[in-house]
Amino acid sequence: MKKSEVKALASMPLQSPTYPRGPYRFFDRKYLLIRYRTDPALIRAFLPEPLEPEDDIVAVQWLDMPDGEGFGAYSSTVQIIPCRLNGEPCNFINQMYVDNSPPLAGGREIWGYPMKYGKAVLAVNADTLTGTLHYATQSVAVGTMVYKHDAFRADFAKEGEHLARTQITLKLIPDIDGTPAIAQLVAVKFQNVVVHGAWTGPARLELIPSVNCPLADLPVRQVVGGLHMVTDVTLPYGKVVHDYLAK
Amino acid sequence: MTPEQILQLPSMPAASPSYPMGPYRFINREFMIVTYETDKDLLRQAVPEPLEPNPEGQVLYEWIRMPDSSGFGDYTESGVVIPCLYKGEPINFTAQMYLDDEPPISAGREIWGFPKKYALPKLEVCSDTLTGTLHYAGQLVAMGTMAYKHQVAPGGVEAQAKGMTRTSCNLKIIPDVDGSPKICQLVAYNLTDITVKGVWLSPARLHLIPHVNAPAADLPVKRIVGGKHFISDLTLPHGRVLFDYLKDA
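Sequence lines, in order, name chains A and B.
This note's numbering applies: residue 21 is where the first sequence begins, and numbers increase by one.
This note's numbering applies: residue 572 is where the second sequence begins, and numbers increase by one.
In short, the hints are calculated from the structure, not lab data.
These figures come from a predicted structure and were not determined experimentally.
Heads up, the beta-carbon is just placed ideally off N, CA and C, and yes, glycines get one too.
Keep in mind that a hint or two might mislead.
What the simulated footprint calls covered on chain A by chain B, stretch by stretch (three residues with Cβ under 8 angstroms from a Cβ of chain B suffice, anywhere in the stretch; the number is not a length) [claimed, not checked]:
hint	stretch
1	53-59
2	63-76
3	166-178
4	187-194
5	227-236
In silico DSS-like links for lysine-lysine, alpha-carbon gap of 27 angstroms or less [to be verified]:
hint	chain 1	residue 1	chain 2	residue 2
6	B	K753	A	K267
7	B	K658	B	K720
8	B	K693	B	K793
9	B	K818	A	K23
10	A	K22	B	K611
11	A	K259	B	K611
12	A	K27	B	K693
13	B	K658	A	K267
14	A	K23	B	K768
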């Protein structure tokens, strides 16, 4: 392969790039989002400076993505810390688990989504919207929510706003000698957000301590509530909002 | 978390880094390598300039069992390695790799540019047959078989250990946040502290099934050269840049 063709590759490997170029449109992307109160001192410890904590509420969300352009069909579990950057409200993506290599590699390499391989499932089991996560064979998270109890709402403006909130990731890529080559805070905002449906209701969340999947390091003190959504969104490229290596 | 703490992190996520700092020590790492000849024009396509593919048109298809790997755990890998020349010197180019464990996928891609994807490889002894299989996205894409320890390789463990010091390289591509290339390099490394515990040559066969996202069969098998089976301890250190496409091309 010619050098000019090498430079034009979207990703490794040369013979079959793991992910194509973005942006990436998701259809029928389903959410179970459970907000809960945790220990503010732990939030401060996890949140990279210069991000500032917002309050003592964080969230764990399950995503079912049956149709992701370039990525296929997969599921994910994400831990989010709402925060502020220079006064602007943001969501810091603290941990993320997926069961599919293109979004895992693309997520880490493009934006710095902190993805590891975990088996997330979001399913309706009888009367219960149920999210589960297994990491290295063990159950590490179970979230449950009532199913469409407030079924007749038509105004999803608030949910649209939630989805449009800036996401912040900490992108770390080592150089070949192990020293940091990239150490940045990256911002990305969903575009063309369509909310097909959104429901709120009671929820419960169980997080089980596991060293390589430490969602439970931000323990559940009190569940605030559940949010169930069906959406279409576009994930565009991001922008660097802080560079830790800049002199 | 302070900027000083962030710059000390070996990897993402900050809350529990995928992989620690290297080097990485492997104990009882077991290889089955089937060497075969393929189409030379296709091989040229699969090798990035300025590397030159070996003139014989040979490809190495590998399975590797890694039961004890520091920082990474217990996992199995399978993939395609192409013997090449760089400025006339022999070098192995890693073209495709499939494995069942996230830390070595992320570390492999992010540190050295190993072209790793998630899949389910297996290497096991099935009655009289050393058997490698690879499933990608639910489908069988490669099946290799080798007779079990028919002949100790000429030169034994010393010659094998010496052969394993040969330089290997990868094409490391990491995009910037806008999708443009941020890192685009040929990265070289050499294994160190190699102990070979046994090495055998035996007849082998290889079956590659076309699959768009695991395209080992894009380098079709024309003739089997032979199979090699060996067990070793070794260390994978950090690497060095051999060629930088953003600066040198």
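Hints versus structure:
Evaluation of the coverage hint for the stretch 53-59 of chain A: breached, as 0 residues show C-beta separations to chain B shorter than 8 angstroms, against a requirement of three. A count of 5 residues in the stretch 63-76 of chain A with a Cβ less than 8 angstroms from any Cβ of chain B is obtained; the coverage claim is therefore met, three being the minimum. Only when three residues or more bring their CB closer than 8 angstroms to a CB of chain B does the claim for the stretch 166-178 of chain A stand; here the count is 0, and the claim is violated. Residues of the stretch 187-194 of chain A lying with their CB closer than 8 angstroms to a CB of chain B number 5, which satisfies the three-residue condition for coverage.
With 4 residues bearing a CB less than 8 angstroms from a CB of chain B, the stretch 227-236 of chain A meets the requirement of three and the coverage assertion stands. Distance check on the hinted pair: B/K753 and A/K267 sit about 19 angstroms apart at the alpha-carbon level, within 27 angstroms; holds. The hinted pair formed by B/K658 and B/K720 fails the criterion: a straight-line CA distance of about 36 angstroms is larger than 27 angstroms. Note on B/K693 and B/K793: the hinted pairing holds, with a Cα-Cα distance of about 24 angstroms set against a maximum of 27 angstroms.
A C-alpha spacing of about 12 angstroms is found between B/K818 and A/K23, which places the hinted pair at or below 27 angstroms, so the restraint holds. Of the pairs offered as hints, the one joining A/K22 and B/K611 holds, with about 16 angstroms between alpha carbons and a cut-off of 27 angstroms not exceeded. For the hint pairing A/K259 with B/K611, the CA-to-CA distance comes to about 42 angstroms; that exceeds 27 angstroms, so the pair is violated. About 34 angstroms separates the Cα atoms of A/K27 and B/K693, which puts this hinted pair outside 27 angstroms; it is violated.
For the hint pairing B/K658 with A/K267, the CA-to-CA distance comes to about 37 angstroms; that exceeds 27 angstroms, so the pair is violated. At most 27 angstroms may separate the alpha-carbon atoms for a hinted pair to count; A/K23 and B/K768 exceed this at roughly 40 angstroms.
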